[in-house]
Each structure stands twice: as C-alpha cells, then as structure tokens.
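Given the coordinates of chain A, work out where chains B and C should sit on it, guided by the hints.
Protein chains in written order, with my numbering: chain A, 9 to 284; chain B, 646 to 979; chain C, 531 to 818.
A couple of the hints might just be wrong.
Straight-line alpha carbon distances no greater than 25 Å define the calculated BS3-like cross-link-like pairs of lysine-lysine that follow [stated by the list, open to error]:
#1 B:K652 - C:K534
#2 B:K749 - B:K710
#3 C:K814 - A:K124
#4 B:K719 - A:K190
#5 B:K894 - B:K967
#6 C:K814 - B:K719
#7 A:K111 - C:K534
#8 B:K719 - B:K829
#9 A:K190 - C:K534
What the hints contain is simulated information worked out from the structure, not anything from laboratory work.
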Amino acid sequence: MARAVTPRRKVINTSLAWLIGLLIFFPILWTILTSFKTEAQAIASPPLFLNFDWTLENYGVVMERSNYARFLWNSILIAGGSTILGLIIAVPAAWSMAFVPSKRTKDILLWMLSTKMLPAVGVLYPIYLLFIKMGLLDSRAGLVIVMMLINLPIIVWMLYTYFREIPVEILEAARMDGASLKEEVLYILTPMAIPGIASTMLLNFILAWNEAFWTLNLTAVNAAPLTAFIASYSSPEGLFFAKLSAASTMAIAPILIMGWFSQKQLVRGLTFGAVK
Amino acid sequence: MGQIQLKQVTKSFGDVQVIPPLDLTIEDGEFTVFVGPSGCGKSTLLRLIAGLEDISSGHIEIDGKDATNLVPAKRGLAMVFQSYALYPHMSVRKNIAFPLRMAKMDQAEIDRRVDGAAKVLNLADYIDRRPGQLSGGQRQRVAIGRAIVREPAAFLFDEPLSNLDAALRVGMRLEISELHERLKTTMIYVTHDQVEAMTMADKIVVLRAGFIEQVGSPLELYHNPRNEFVAGFIGSPKMNLIKGAEADKHGAATIGIRPEHTDVSMSEGMWQGTVGVAEHLGSDTFIHVHETGLADMVTVRITGDIQAKHGDKIFLTPQLDKLHKFDAQGLRIG
Amino acid sequence: MATKASRSAARLMMAPAVVLLLGWMLVPLIMTLWFSFRRYLPLRGGDLGWAGFDNYVRFVTSSSFWPAVQTTLVIVVGVLVITVCLGVLLAILLDQPMWGQGVVRILVIAPFFVMPTVSALVWKNMFMDPVNGLFAHLWRFFGAEPVSWLSDVATPSIIMIVSWQWLPFATLILLTAIQSLDSEQLEAAEMDGAPVLQRFIYIILPHLSRAITIVVLIQTIFLLAIFAEIFVTTGGAFGTRTLSYLIFQRVLESQNVGLGSAGGVYAIILANIVAIFLMRIVGKNLDN
Numbered sequence: 009m010a011r012a013v014t015p016r017r018k019v020i021n022t023s024l025a026w027l028i029g030l031l032i033f034f035p036i037l038w039t040i041l042t043s044f045k046t047e048a049q050a051i052a053s054p055p056l057f058l059n060f061d062w063t064l065e066n067y068g069v070v071m072e073r074s075n076y077a078r079f080l081w082n083s084i085l086i087a088g089g090s091t092i093l094g095l096i097i098a099v100p101a102a103w104s105m106a107f108v109p110s111k112r113t114k115d116i117l118l119w120m121l122s123t124k125m126l127p128a129v130g131v132l133y134p135i136y137l138l139f140i141k142m143g144l145l146d147s148r149a150g151l152v153i154v155m156m157l158i159n160l161p162i163i164v165w166m167l168y169t170y171f172r173e174i175p176v177e178i179l180e181a182a183r184m185d186g187a188s189l190k191e192e193v194l195y196i197l198t199p200m201a202i203p204g205i206a207s208t209m210l211l212n213f214i215l216a217w218n219e220a221f222w223t224l225n226l227t228a229v230n231a232a233p234l235t236a237f238i239a240s241y242s243s244p245e246g247l248f249f250a251k252l253s254a255a256s257t258m259a260i261a262p263i264l265i266m267g268w269f270s271q272k273q274l275v276r277g278l279t280f281g282a283v284k
Numbered sequence: 646m647g648q649i650q651l652k653q654v655t656k657s658f659g660d661v662q663v664i665p666p667l668d669l670t671i672e673d674g675e676f677t678v679f680v681g682p683s684g685c686g687k688s689t690l691l692r693l694i695a696g697l698e699d700i701s702s703g704h705i706e707i708d709g710k711d712a713t714n715l716v717p718a719k720r721g722l723a724m725v726f727q728s729y730a731l732y733p734h735m736s737v738r739k740n741i742a743f744p745l746r747m748a749k750m751d752q753a754e755i756d757r758r759v760d761g762a763a764k765v766l767n768l769a770d771y772i773d774r775r776p777g778q779l780s781g782g783q784r785q786r787v788a789i790g791r792a793i794v795r796e797p798a799a800f801l802f803d804e805p806l807s808n809l810d811a812a813l814r815v816g817m818r819l820e821i822s823e824l825h826e827r828l829k830t831t832m833i834y835v836t837h838d839q840v841e842a843m844t845m846a847d848k849i850v851v852l853r854a855g856f857i858e859q860v861g862s863p864l865e866l867y868h869n870p871r872n873e874f875v876a877g878f879i880g881s882p883k884m885n886l887i888k889g890a891e892a893d894k895h896g897a898a899t900i901g902i903r904p905e906h907t908d909v910s911m912s913e914g915m916w917q918g919t920v921g922v923a924e925h926l927g928s929d930t931f932i933h934v935h936e937t938g939l940a941d942m943v944t945v946r947i948t949g950d951i952q953a954k955h956g957d958k959i960f961l962t963p964q965l966d967k968l969h970k971f972d973a974q975g976l977r978i979g
Numbered sequence: 531m532a533t534k535a536s537r538s539a540a541r542l543m544m545a546p547a548v549v550l551l552l553g554w555m556l557v558p559l560i561m562t563l564w565f566s567f568r569r570y571l572p573l574r575g576g577d578l579g580w581a582g583f584d585n586y587v588r589f590v591t592s593s594s595f596w597p598a599v600q601t602t603l604v605i606v607v608g609v610l611v612i613t614v615c616l617g618v619l620l621a622i623l624l625d626q627p628m629w630g631q632g633v634v635r636i637l638v639i640a641p642f643f644v645m646p647t648v649s650a651l652v653w654k655n656m657f658m659d660p661v662n663g664l665f666a667h668l669w670r671f672f673g674a675e676p677v678s679w680l681s682d683v684a685t686p687s688i689i690m691i692v693s694w695q696w697l698p699f700a701t702l703i704l705l706t707a708i709q710s711l712d713s714e715q716l717e718a719a720e721m722d723g724a725p726v727l728q729r730f731i732y733i734i735l736p737h738l739s740r741a742i743t744i745v746v747l748i749q750t751i752f753l754l755a756i757f758a759e760i761f762v763t764t765g766g767a768f769g770t771r772t773l774s775y776l777i778f779q780r781v782l783e784s785q786n787v788g789l790g791s792a793g794g795v796y797a798i799i800l801a802n803i804v805a806i807f808l809m810r811i812v813g814k815n816l817d818n
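Just chain A, same shape as in the assembly (with noise of 0.2 Å):
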C-alpha cells in the first residue's frame, strides 16, 4: 500500500518491527554469539551479551571431535543428490502438465500432491524394512531416494506453477521455427525458466537439508547427516553450550543464508500456488 503516513506513525511502525523482528531471531542471534563464547563464558551469570572473549576456539573442538565434515558431507550429498535427481525427473513433467494439459493433469497434480500428505510415521516400518532388505539402510543412496520422492511433488509444482505463466504461444513459435522438441525445451523453455528453476531448487535443497524424520530414523553412521548430528548432542555435550552453539551455527548457516535468498518462492512453492 503505498500511501502517505505521518512520520510519527512510520517511526512507531519501525521501532515495533524491529523490536519484534529481534525478538523473534533472538534465539538465533544468542546461539551465534555463545559459539564465540567459551564454555565457563556461555554459562556466566549474569549472561554475557557482547561483552566476553571472542574465540573460534569451539568450531575448532567441533570440527575436530564428531567428524563434523562427514555429517556435513552427507548433507550436502543428501540434499544436493535429491534436488537434481527430482529436476530430472521433475521438468519433463511438468512441461507436460503445463504444456499438453489433459483432462486428467488436474487429477494427477493433486494426487501428486496427495501423496505428500502421507504421514511419514504411517510408513515407516515397511520402508525401514525394504531398506534392510536392498541394503540402503544408512546408505546416502537411500536417503537420496526418499528425500527426492518426498519432496518430488513440490518440484513437480513449483516448475508446472512456473512454466505456466510461459505463454504458449512462445513454445508454438519455436516449433514453426524448426525447433524439436528437445530443441524447444533447450533453448527455450530451460533459459526462460531459469529463475523459477533456481528458486524451485533452493527451496527443495532447503526442505532436503532440514528433513528431521526419515534422516533420523533412516540412518546410524555412515548416512548421517547435519540433523543427525545435531540430535546426538542431546546430552551430555548439550550443556556445553559454546560447543552446542557452535554445531548449531555451523548447521544452519548455510541455509539461512540460502533461505533468504528464496523467501519470496518459498510461499509460492509451500502453498502449492494458492498464495502467490
């Protein structure tokens, strides 16, 4: 709404914001700041805010002492694996959809949809178990798998939300032009999409990254990554704080930085295209 307010209104409008905006990434803020603590510092009472000895002491511990890179590692594998194997298998279809609509591409988007519903704790003893039975259990390959399969409606969605708004028309050109069909998705749809594409990677690399249930439940040693890890430092090592804080930091970091990058595709990619 771009209307005119007073400067009054507008100075009460910001200090509101930024008090509520700071309370609610306080939680955040503080484990970034007793990372840099040392351990007696980060239980200190009166808590120390700004006020203490810098150190990069703690990264160093972590790193050292849980294999912090494997977890990391894994992660990456994970999440990155998944994204691209379910873009694979994602744009063709949604070009499809988008494309060649049928009667029947309503009903299949939604029961793409649908399938995401699906309480993960519903199925879990049957994919434990086929998991033993083909050897992916605690294998990153398992993982990749399910994270792609799991978060494939998304992509699905977010790319057929995104084609869509190509017109048609443009692709039509392209085929008078002489273009095949792989020329038409090569030269044309891909570069104009790319945007969407992006967002629609982020956003999955994201939700790969933070899975919390099949990542736990999936995996012992070998697999696991960052929420694995994380989850491991319950207690004892979770009352040490500045260590805590700093796994905690060197977890989320990455994908803070990538989330806000894509918070704008993030509603459309989470609503499925009903907000916009």
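Showing chains B and C alone in chain A's frame:
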C-alpha cells in the same frame, strides 16, 4: 511456391466438432483473409494448417504434397502470433536468426539474411536489444522478420494487429500489404476485423461456427453477399436488415440496404423516422434513425455534413437498385 | 490442445514421475495395511499370523491412546492459534511503511530455516535449562524460582518451540496475501467513513480468509507429524507423546509392528481428512 489445399478437413475437440468437413484452396501468392466473429474457428483453421493442431479427418496438401501428418517444422510455413511470441531471453538478432539456426544454416548466410530482414523492416537500430525493450510495433516487426528470413512457402498471421493501438494498426496494415506486394508469397491472415479483411485481402473467407459462409474478393462480398450473415458482417457501418411487411413488398423475407445506399431528406422520402444520434466525422455523417417502423434502428451514411439534431423528423429513401433480398433461410435471392 | 505427437511425448515425459510416486505411495501403504492385520513382532518371533482387527482395537483401547490424541490436539490447536493470530498481526505490521522493511522481514523469517533438531536443542538447553538456561537467569533476575520447562510444563514448552518455528511461515504467507489487497479498496472504505477496526474486520480479514485457511491446512498436516522437536526434547515423556510419536515408539522402540501399523493407518486416515480440504482449495485455484 505456396499453394495450400484443404480437403474434407474436420476438427473435433472431444465430442465438439468445431470444424465440419471443409474444402478450401489457397492459390500460390494469394493474400487470403479468414474473417468471422470470435469463436468461428478461424484461428483453429490456421493452427490446423500450421500443424500446431492435428486434424481429426481429411487431408492438407501444401504444393500438391500431402502434409497432413507433418510436424509444423517440416511444413515450410512461418507464423506470426497475436502476442508476437518473441523469445524474451534473446536479442532481436538472435530472435530473427533462430529459425535459421534450427535449420543448421551456416553463420555467414544467417548474418546476411538477418541483416537483410532488419533493413527491410527498419530494425537495424534495435538489433541488439531484447524484446522487452521494444514498443508494440517494433515487436511486431521482429516477429515478421523472424518469419521472412526463412523464405517460407506461406506466411500465417494470427490476428497480428489486435494488440496494437488504432493508429499503429493502420500503419502496420499498410506495411504488411506492402510486404506482400514485394514478396509475392502466399499469406493467410486471420482477423475478426472486417476492415482489415477488406483492405488487405485478395480473397476473403468468411467463417461462422466452422462453416465457410462465403469465399470471394472483397468487392464480391460487398456487392453480392451470399447470405444475411455475410451481408451483416462485411461493411461498416453494418447493413440495415429489415423484415416484415416492407420486405414482403419486395418479395423477400428480409431486405438489406447499406447505410451508404440510402438517400436522406428532411422533408420527403419513402420511410419516415426520428433522428437518434448523429455522428459527425467531418467527411461523413452517420445518422441513427429510430421509430421507422422497420427495425429498431436504421443507420444511414451521408457524404459531407448535414444538420440533423436529436429528435428531428427525417426521411429516408433506399436506392432500390442496391437493395439486397434474402429468403426465409437467409439466402440471397436473385 | 495440441497434436497427437506432442500428447504422446507428454505422456512419456510424465511417466517417470508418476510411476515413482505411485510406487512410493502404494508399496508402503499396502505393506502397512498388511502388517496392521498381522501379529508381527520382529524381535519376539516375527510374523505370528493373522490378527484380524485386534491391532486396531488394541491401539485404540490402550491406555496411551487417548492421552496421545489429547496431546496431539492440544499441540496442533495451540500452535495454530498462536501462529495464525500473531501471524495476522505481524503481517499487518510488516505491511506498513517503515525503514528497513527488508531486514525485518529477513529477521522474522529466519526461524523457518532452522533445522528442527537445532531449534529443539537450542531451546531445550540454552533457553529452557532450569539451571543455566536464559529463562532461568531471567527468572532469577526477577527473584522468581526457575521453571523446569520441559518436565513441569512440557507440552506448553513444545507448543512454544513449534510456534516459533512456524510463525514465520504463517506471517510470510499472510503478508503475501495482504500485499495483494487492492489499496483502493481500503481507501474506498476510508472514504465511506469506516474506522480502522471496521476496515480490519470487513475488508482485511475477509481478504485473508483464503490464505488463513491454507495456512491452517498446511500447518495441520505438518504439525500432525512433528517428530524431531519431541524426539530431541522430551522423547515423548512428561505427557508430550503425540499420536505420531506413539506410533513411532510402537514400531521402532517396542518393535510391535502390527500394532504400530494399525496406528499408522489411523494417522493416514486423519491426514487424509485434512488433505481433502486442502486439495479442494488448491484444485479450485488450478482452474483459473
């Protein structure tokens, strides 16, 4: 070459037949216009010729060769879309070059042709811009440029001017006509605007609900409309169609008289009425006459100016040799 | 509308996604259904034969069932009420002209991107720890006795943690919806003499109703399934065992697969009821 023949072509979407069996021949080099109200199937017909839609039955031949099952790319036709359908992520140069690139032409030839097209269409100054930075008219020219570089057998235009403002539309109309004079290539042009049809066409195909109502030159359609629908559709302002007792006098179910074929007097004449609105265009005056007892409203067109105000009594006399007569089925008599 | 060639190409290109999701849905679903009718105890003899509806009956009649249902409802409804109410207010505030709007937005959204295990752990230890937690310091500062959050008031504490995680989602979607409100509508109402509160009730709230419905439905689906927040904080103790957590315990902790599967079927039915409403809205949106 660019002769296109449709033989018993039909098109159905599900159970709905939008094009009943239809035969049509478009001669090489002809400027043919498909005209009709929206939903008459003219765009569908064009897309069938382009190959963007399958025909449900029948055959399409291009230059005597069966093209019914060819993909669009293989038909050697170029199309200009209503929304221009330019590739937004490519410069004007790349847009125009795209069909040549798809044809795997060598770069020197591509450059030569693109520069040629840009010169003809006055696009040289914009050649490195993106479509988003161009005005509507310029975009239209790029779309035409993309079509002409391929040297197609025929051009297909799908309401290309409907997104332009009125002044630009007249200018582009002339440009397309001039292009046709120069290239002498077959052109098929779809529009709902009968003025575009009249001014540009060698041959007009009037369509209604998928049926061809009449095929002919603009003046044939104007002078000898085959039925009431064509009579009402071609010409502006529209022909006055009169039913009832007055039509009976002429031995017809309906008579039609064009606004420009009616003489007007403030004192005497065959029909009497009251002036509703008089539209003064300077060169012409359109008078909408009510209370004639013939139809809700009779429109007349007078060259020059006439002093007629709302509510004035007015007398109309049709030029009887220009009268059109139609039978109960709406078909022309005599 | 297209040609036969492109239609068959489309079918081919859709096939992998459809087949994979169909497999992903049907195979475990059928297995769960099968198990739910078996006496199946992997560590105590394996599959011990047909059980009829015993598992279904046992799951519902067990002493943990109704408390779990209650906990689930309390958590879902509690989080929904908090996030929607605060979300509407926050969205309206963020829509006002101010300095640094972009930065505030980023601050408000941040919790959504925090891994559930991280947020649970950070809240549990650094804020709610009865000795060293920040709340304990705060309570002591005001001379009060620190609270043992996750044992004495475990369910409200979990509601608070989960609300913190989901408030950004609600705010973001409601903000997007508010921004699509035509400001001329509000100006027209102002010209008609409607005061602020009336404008909120008669213009803004109805405009938001669809977005609120979507927030409620989507959150419900996710909230019914919250796992990490309970797993990390209380492990289901202190009355925080939700229906999904109960099923999880039956299946993996006590390894009673038959019983857990019956519970899983209940959970699937429950989620489907919510999903049907969500599908209706999303489906309508597809038509235009």
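For each hint, the structure was consulted:
1. B:K652 - C:K534: 20 Å, holds
2. B:K749 - B:K710: 24 Å, holds
3. C:K814 - A:K124: 19 Å, holds
4. B:K719 - A:K190: Between K719 of chain B and K190 of chain A the Cα gap is close to 16 Å, so the pair holds against 25 Å.
5. B:K894 - B:K967: Holds: K894 of chain B and K967 of chain B sit about 16 Å apart, inside 25 Å.
6. C:K814 - B:K719: 39 Å, violated
7. A:K111 - C:K534: With Cα atoms ~15 Å apart, K111 of chain A and K534 of chain C stay inside 25 Å; holds.
8. B:K719 - B:K829: 22 Å, holds
9. A:K190 - C:K534: Since the Cα atoms of K190 of chain A and K534 of chain C sit roughly 17 Å apart, the hinted pair holds (cutoff 25 Å).
Against the hints set out earlier in the document, a violation occurs for number 6 only.
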